[in-house]
Amino acid sequence: MIEIVTGILILAGALIVLIASVGIVSFKNLYARTHVVTKVSSFAMLLFLIAANLHFMKLRVLIITLIIFHIVIVLAPVGAHVITKVSKLLENSDDDKK
Amino acid sequence: MSESNFVEIAAQTAMWVMTLSLLFPLYRLFRGPSLPDRVVALDQIGMIVVGIIICDSIFSNDSMLLDVVLIIAFMLVFGSIIIAHYLHKRQSEL
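Chain order of the listed sequences is A and B. All residue numbers for the first sequence refer to our numbering, where the first residue is 1 and numbers rise by one. All residue numbers for the second sequence refer to our numbering, where the first residue is 1 and numbers rise by one.
There is no bait here: all hints are sound.
With a cut-off of at most 27 Å between alpha-carbon atoms, the simulated DSSO-like pairs for lysine-lysine come out as follows:
1) A:Lys88 <-> B:Lys89
2) A:Lys39 <-> A:Lys28
3) A:Lys85 <-> B:Lys89
4) A:Lys39 <-> A:Lys88
5) A:Lys85 <-> A:Lys39
6) A:Lys28 <-> A:Lys85
Distance ranges between label pairs, derived from CB positions:
7) B:Tyr86 <-> A:Asp95: 17 to 23 Å
8) A:Met57 <-> B:Arg31: 40 to 46 Å
9) A:Met57 <-> B:Leu35: 43 to 49 Å
If you want a taste of the chain B side facing chain A, the calculated C-beta under 7 Å gives, among others:
10) Phe6
11) Ala10
12) Arg28
13) Asp37
14) Val40
15) Ile48
16) Ile54
17) Leu66
18) Val69
19) Leu70
20) Phe74
21) Ser80
22) Ile81
23) Gln91
Everything labelled a hint here was simulated from the structure, so no lab data went into it. Where a beta carbon is used, it is the ideal one built from N, C-alpha and C, also for glycine.
Using the sequences provided together with the hints, build the complete structure.
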């Protein structure tokens, strides 16, 4: 039973990663693409990490996946925020030159 | 079809799907209009690689591969922050 739940979580995560990758091509501006990378991919990583915990059932795996989860959920949006802020600054400086 | 076989098949299918979905951010990496677009595409490529390695650790039953995932996620985040820092520095020098 638990194997079936693990497999379904893995397949759902792969499908969500595919949707996020299509979104990074089809969205029009940078801010929408950043939204795809931070939110959708983080959700897919969460599903993968839950699947790994269900598959291994060890304390060491739980600790390492918690660290990975915090990096993906807390630090990756910080990086995306910094990138969008710099891109806004670059756009404003281009407008000044014109 | 036994139940443990299902996890292996699911992990293999997920690895194939994610390898194919690497093509979309690669397109954005080559065709991106500006430099921040390429940084975001690189972020997405790193996320997909993290997912592939997690599926590989489930497929090959080796929990040691999750350490690799930890280091890759860390490098990914700080890489994009440092690229943003240098973009900001170059922009303020102009």
